[in-house]
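With the hints as extra help, turn the sequences into a complete structure.
Note that the sequence shown covers residues 1 to 377 in my numbering.
Honestly, I wouldn't trust all of these hints.
What the hints assert, rightly or not - Cβ-Cβ distance ranges computed for the label pairs, FRET-style: (1) G69 with V209: 34 to 44 Å; (2) L72 with W186: 21 to 31 Å; (3) P304 with E198: 35 to 45 Å.
No wet-lab data here; the hints were simulated from the structure. Just so it is clear, the structure is predicted and the values come from calculations on it, not from any experiment. For every residue, glycine included, the Cβ atom is placed at its ideal position computed from N, Cα and C.
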Amino acid sequence: MRENAGLALDEVAIARQVENERIHVFNERSVTAARLAFVGMALMFWVLVKVVGWERAFMWGACMVAVEGGILLAGVACSRALQRQSGQNFWLRIQMTLAAASGAAWGTAVWFVWVPGEFVPYLATLTILIGVAGVSIVTMSSYASVAVYFFGLIYLFPLLHEIVHPKGPSEFLVAGLLVIMPLQIWYARGLGLMLLREVEQYVRNQAMVVRLDELVTHDQLTGAYSRRFMLEQLEQHVAMHDRHGTPVSLVMFDLDHFKAINDRYGHSTGDQALREAVRSVTTQLREGDLLGRVGGEEFLVLLPLTTLPEAHALAERLRQTLAATRIRAGSTEFPIPASFGVAQLHGHENYSDWLSRVDAAMYQAKAHGRNALADAH
1 MRENAGLALD EVAIARQVEN ERIHVFNERS VTAARLAFVG MALMFWVLVK VVGWERAFMW
61 GACMVAVEGG ILLAGVACSR ALQRQSGQNF WLRIQMTLAA ASGAAWGTAV WFVWVPGEFV
121 PYLATLTILI GVAGVSIVTM SSYASVAVYF FGLIYLFPLL HEIVHPKGPS EFLVAGLLVI
181 MPLQIWYARG LGLMLLREVE QYVRNQAMVV RLDELVTHDQ LTGAYSRRFM LEQLEQHVAM
241 HDRHGTPVSL VMFDLDHFKA INDRYGHSTG DQALREAVRS VTTQLREGDL LGRVGGEEFL
301 VLLPLTTLPE AHALAERLRQ TLAATRIRAG STEFPIPASF GVAQLHGHEN YSDWLSRVDA
361 AMYQAKAHGR NALADAH
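In structure tokens, the structure reads:
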């Protein structure tokens, strides 16, 4: 087994989280760009009013408001979908479609502003479009396909206009547009790759932090809490008891004849018994109860806000559950009974003494024939 096997990460979960982060970034950038777009729209609207009048200006403006407003509404829906972790891919496709529509709507401005013989307003419109495309590079960089759609469409309509309405400098304008368009797409693609690497590194770092925390706080074989974590919890609950006097109890149990299971059926069967014991006990615990593995076959259950009689009743239920649990080894089945000790924390008692009392009670139960329960007083 590789030394770092315990640090292995869930690659499927990481890939899913990376994609969700990309969607989040693209959605947030799209919403921000849509808000800022109204500044450029106001400038373009002013040019249209000056050149072709209110009617054509309103036609273009209504188209733009519909598209950019749609991006804002889709942004809200996408954010909610990301929070629910459901439907975000649908809203991503909507935002991609609206990004393409935005590029097309901006590009049509050259057709709305065109008046034969009036070249200066047309050139001013081209300048605005190139500026809009430039400030949109970061927004469209999240996905290469979005960059192709947006930049391709924002420049497609001016290129078509040059073909339909050739002008003196048309060849220079066409050459310039054909150079600018692929450059902006290429630059957006580069930024997108950088974003993807940064997002993946961020997600991996977060996953590694979670994984390291699990390694520290959980037993890797059974999934129960680790000895270190349980001792920290004991210390914290002793401090809370000293401050507030709230009752707290501790149950310790040890699987009976566990060495014989390992010797007779092998360690893999013994590991199975440990995992099944944790699974069975967990089904009986309440919310807030903590189960930890503190030795080979030795476990602790920390019971906050629980008196000794209440802890005794729960421990008896756990004892019966384990006694009824069966482990299969080949054609053989056997139970996994355990001996239990129960102790409520006394006033001004430290966690070491508390732990010693519950340990002594557990061994008292073993001395009484095993598969038994004893209280510490």
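Hints and how they fare:
1. Our hint of 34 to 44 Å for G69 and V209 holds, since their Cβ atoms are close to 40 Å apart.
2. Checked against the hint of 21 to 31 Å, the C-beta distance between L72 and W186 comes to roughly 29 Å, which is consistent with it.
3. Against the hinted window of 35 to 45 Å, the Cβ-Cβ separation of P304 and E198 comes to about 42 Å, which satisfies the hint.
The structure meets every hint from the earlier list without exception.
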